[in-house]
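A.B. asks: Read off the chains here:
Protein chains: 2
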Amino acid sequence: MARTNLLYAQSGGVTAVINASAAAVIAAARERDDAIGTIFAARHGILGALDEDLIDTAALGADDLQALAHMPGGAFGSCRFDLDPPDRNAAQYDRLFAVFAAHGIDQFLYNGGNGSMDTVAKVSAAARARGYPLVCVGVPKTVDNDIEGTDCSPGFGSAAKYAAVAMLEAGLDIASMACSTGRVFVLEVMGRNAGWIAAATALAARTADAPPHIILMPEVPFDEGAFLAVVDATVRRLGYCAVTVSEGIRRADGTLVMEQDHDRKGHVQLGGAGQCIARLIHARLGHKHHWAIPDYLQRAAGHLVSAVDHAQACAVGRAAVEAAIAGRDCVMPAIRRLSDDPYRWEIVFRDVAAIASLERRVPAHFIRADGLHVTDAARRYLHPLIEGEVYPAYAGGVPDYRCPRLSSVPRQLAAYVP
Amino acid sequence: MARTNLLYAQSGGVTAVINASAAAVIAAARERDDAIGTIFAARHGILGALDEDLIDTAALGADDLQALAHMPGGAFGSCRFDLDPPDRNAAQYDRLFAVFAAHGIDQFLYNGGNGSMDTVAKVSAAARARGYPLVCVGVPKTVDNDIEGTDCSPGFGSAAKYAAVAMLEAGLDIASMACSTGRVFVLEVMGRNAGWIAAATALAARTADAPPHIILMPEVPFDEGAFLAVVDATVRRLGYCAVTVSEGIRRADGTLVMEQDHDRKGHVQLGGAGQCIARLIHARLGHKHHWAIPDYLQRAAGHLVSAVDHAQACAVGRAAVEAAIAGRDCVMPAIRRLSDDPYRWEIVFRDVAAIASLERRVPAHFIRADGLHVTDAARRYLHPLIEGEVYPAYAGGVPDYRCPRLSSVPRQLAAYVP
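Residue numbers (the UniProt record's numbering), protein chains in the order written: chain B, 1 to 418; chain G, 1 to 418.
The set of hints was computed from the structure by calculation and includes no laboratory data.
Just so you know, not all the hints are guaranteed correct.
[Said to hold, decoys possible] Heads up, incomplete: computed chain G residues facing chain B, CB under 8 angstroms, no partners named:
{"no.": "1", "residue": "H44"}
{"no.": "2", "residue": "S78"}
{"no.": "3", "residue": "C79"}
{"no.": "4", "residue": "A166"}
{"no.": "5", "residue": "A170"}
{"no.": "6", "residue": "L203"}
{"no.": "7", "residue": "H290"}
{"no.": "8", "residue": "D295"}
{"no.": "9", "residue": "L297"}
{"no.": "10", "residue": "R299"}
{"no.": "11", "residue": "L304"}
{"no.": "12", "residue": "S306"}
{"no.": "13", "residue": "I386"}
{"no.": "14", "residue": "E387"}
{"no.": "15", "residue": "P399"}
[What the hints assert, rightly or not] Some chain G residues judged to face chain B by a derived CB distance under 8 angstroms, without partners named:
{"no.": "16", "residue": "M71"}
{"no.": "17", "residue": "G74"}
{"no.": "18", "residue": "M177"}
{"no.": "19", "residue": "A204"}
{"no.": "20", "residue": "A300"}
Just so it is clear, CB atoms sit at the ideal spot from N, CA and C, and this is done for glycine as well.
The shape of chain B in the complex, shown without the other chains (with noise of 0.2 angstroms):
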C-alpha cells in the first residue's frame, strides 16, 4: 500500500473531549504506518492549512499523546472560518491544493460541526474537480448536539453533564436559601438554535419537585405569561424556582429574548437570555433573582468529562482515519444508537454532502406538551451520554493540564495573501 501524508484539524467551538479525539486520530494513524506517513496537523483549521501553518505529530511522545486526550480546548488551535463556494473563489482552493500538494497530503480530516462539515464536503468536491487524489473525512465535534445523521456529537455529552450538574448542585444551593422570600435562580446555557443542553439539565432531578422547575429551548416560543403562570405557581409551592435556559430562545414573532433590551438606538445589548429572563420574574414577580452564565466553562470542563462522550470522541476519531485509508472519500463516522438501557452503540459512516447543510434540533416527542420541560422519552435518549467519570490528573490543586510542545513544519511555499 502506497504511503501518503494526513493532515488533521480543528474547527468550530472547541469541546472538553475534541483533543480526545486528536489525540485517537494521531494514535491510529501510527498504527496504520504500512498506509499513513507523516501526520500533519494544522493550526487553526483551515486557516493553518491555507497558511501552511502545519504542525508535525511525530514529535509527540506517547505522554504528551495521554497528556492530549485529557486536555480541553483545541490543541491545535480551532478557526470560525467558512471556505467560500469554490465557484467563487477559485485561488482560495488553489492555494489549499498547493499547500496539500507541497507536503504530500492525500487525506484531510476535519473535526467540527455542521460548518466544517461544509467544509469538507467543498474541498473534497474541489479534489475530484481538481483530480486531486484527497479522502477528506468528517470528524464531528460539537456541545450544540446538532449535527444530522448521528445519534449524538461528541463534546455534547460532557457539556450535558457539566449543565446537570451545575443545576443540581445549584439548585442545593438556592433550595437552602429559600425560607421568607421567594428566590428564583435562572442558569444560561448554550444552544442557538438547539435546546440540547438545556434539555439535559433534567437529568439533575431525581424526583417531580427538584430542579431544574422549567427548561427553556430554542425549540419553543417564548409565551411569557405561561412561564410566569409556573414560576409563581412553583414558587409558591417549594419557596423556589430553578430555571434553565438556552441562550437562542426567541418569542413567537422570531425575536431573540436576549435582544429584548436593546436600547432604542440599538446600540447596546444589555445581556443574555439568562439574565432577561432572571431580570423579567424579578420586575413581574418581584422574587430575589440570581443568574449564572458558565459560558465557555461548560465546554471546557475536562475536570467533569462524561467517559461514554470522552469514548465516543477517540472511537469517531479512529474510525476517520481507517475511513481515511479505505479511501471513504466525503463521509463522516457517527454514533448509532442500538439500545438505551443498557446503552449500547456502534459506529457508522454517513455521507457528509448528505447532512452538512443540517440542523439537528430537539425533537416534539422529547418537549413536554406545555413546552416548558421535557418528556421521559428525551431522559432515556440524554441520560446514557452523560454517564461515567474520567478525571484529568491534578497538580497544584488544578488539572494537569500539559499542552505538547508543537514543532512547525517548515514552508515549502511563498506567503499565503487571501
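Chain G: place on chain B using the hints.
C.D. replies: Below, chain G without anything else, positioned relative to chain B:
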C-alpha cells in the same frame, strides 16, 4: 457531667463544605454523649430557632452523615437575618430563650460568616445578661474568606479551587479560538468587598503568559486607562486576554463598576461587573468578548471540593463541639497556619466579640504594584488551600447527593409573631 442539649444552625450564603461542618458537629457531639443529650438543628438558621422549627438529628444514620459530609448547600436551610440589638427588641430575645428553655438547649453552635459571628456575640451577651446558662460557639464558614482571626475560612478553599479550574479551562478554550481576531474572556467571581476568590484564579497559571492575565479586586480602585492598556498589550502579544473580576470592584470615587449602566432613572441594573468590563473592552478596543458568571455554581461545586478545605470544615465543626463542652462561650475555632510548604495548620480559638464586626480583605503585599494581579506571597498563601480532591459518589452521571430526611420536633410553644 450534666448532659445538655445542643442546637446547631447554618447562616448566610452556603458553601460546598458547610454540610461537612454540620456532619462533623453531629458526629463529634454523638461521641460525647456523656456531655451532650439531644443534638438539634434549626431550619434556616436563627429564623428556625425563633420559630421553634427544630430538627432532631438523632434520626440521621451513619450513612446519612456520610452523605451529608459530601453534599453542597445547607442541608438544614440557611438565612440572611440579623437579630436586633438586645436593647431594641427584648421580645425577640425573650422568644429565643423561651425556645432554648423549652428544649433544654444550653449549647448553641452557629455556622456562618461575619454576620453570623455578630449573632453569636449578641446571643452570648443576652444570655449572660439574663443569667441563662448558654454556651455560644461560632463555626466559621464563608466563600468570601473575609473572617478575621482565622488564616482562612472553610468554604473558601473549594470556591477558590472552582474559580482557578474555571479560569484554567476557559483559558485553554479561548487560547484555541484566538487566531485572526483578538479575543477577550472575563470571569466574574464573588467578592463584594474582598477579592480573595478573584486572587485565587492566579493559581490557574503555571507560566507568566498563562491566564488570567489580569485580576481586578475590590481592594484596588478600578483604573480604566491602566486596565485597557494591559488588555491591549496582552492581546497584541498573545492574541487573547483573560481577565478575572470580583463582582464588587469600584472606581476611585467609590462607585461600583457594576452600576455603571444604571439608566437615568436608576431603575435598571443592566449587568454585573464582568459584563461591564467585557463590554468596556469591546467598546474601546473592539475585541470579541465573552464573559462567564458562575454565580451559585462557584460556592456549590461539591464535585470539585478542595480536600484541605473539606478537612478544615470538619475540624472547625469538631472543635466547636469541644469548645461547647468545655464551656468556652463566645469563641470561634479558627485555622492557624504553621507553614506554607509543607502546608501545616492547627485549630486555635478566637474571641468572637473581638472579630465579629471586622472584615478581612486582601492585604497590600498580596497585590502586585500595578494593582492588576497578585504577588508570589499571595500564591504561597493561596496554593495550599485548594490542594487535594474529594470526589462525591456519582449515580446516573451526576453526583449522588442524598438529602437526608429531616424529622421536625413537636413545638412546645405558641407560634412566634415577630
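A.B. asks: Should the hint that G/I386 touches chain B count as held when the rule is a Cβ pair under 8 angstroms?
C.D. replies: Holds, about 3 angstroms.
A.B. asks: Would the hint on G/P399 stand, with a C-beta cut-off of 8 angstroms toward chain B?
C.D. replies: With a minimum Cβ separation of about 7 angstroms from chain B (threshold 8 angstroms), the hint on G/P399 holds.
A.B. asks: Restraint: G/A204 near chain B, CB-CB cut 8 angstroms. Satisfied or not?
C.D. replies: Result: holds, 6 angstroms to nearest chain B Cβ.
A.B. asks: Taking the least C-beta to C-beta distance, is G/R299 closer than 8 angstroms to chain B?
C.D. replies: holds (7 angstroms)
A.B. asks: Hold the hint about G/D295 up to the distance rule: shortest CB distance to chain B must be less than 8 angstroms.
C.D. replies: holds (4 angstroms)
A.B. asks: Using Cβ atoms only, decide whether G/M177 comes closer than 8 angstroms to chain B, and label the hint accordingly.
C.D. replies: Status holds, d = 6 angstroms.
A.B. asks: Given a cut of 8 angstroms on the nearest C-beta pair, is the interface hint for G/C79 held or broken against chain B?
C.D. replies: Result: holds, 5 angstroms to nearest chain B Cβ.
A.B. asks: Hint G/H290 vs chain B: min CB-CB distance below 8 angstroms?
C.D. replies: Since the shortest Cβ distance to chain B is 5 angstroms, the answer is holds.
A.B. asks: Can we keep the G/L304 interface hint, with Cβ of chain B closer than 8 angstroms?
C.D. replies: Since chain B brings a Cβ to about 6 angstroms from G/L304, closer than 8 angstroms, the hint holds.
A.B. asks: Is the interface hint for G/A166 satisfied, with its Cβ closer than 8 angstroms to some Cβ of chain B?
C.D. replies: holds (5 angstroms)
A.B. asks: Let me know if the C-beta of G/S78 comes in closer than 8 angstroms to any C-beta of chain B, holds or violated.
C.D. replies: holds (5 angstroms)
A.B. asks: Is the shortest C-beta separation between G/E387 and chain B less than 8 angstroms?
C.D. replies: Because about 5 angstroms separates G/E387 from the closest Cβ in chain B, which is inside the 8 angstroms limit, the hint holds.
When held up to the earlier numbered hints, the structure conflicts with none and fits them all.
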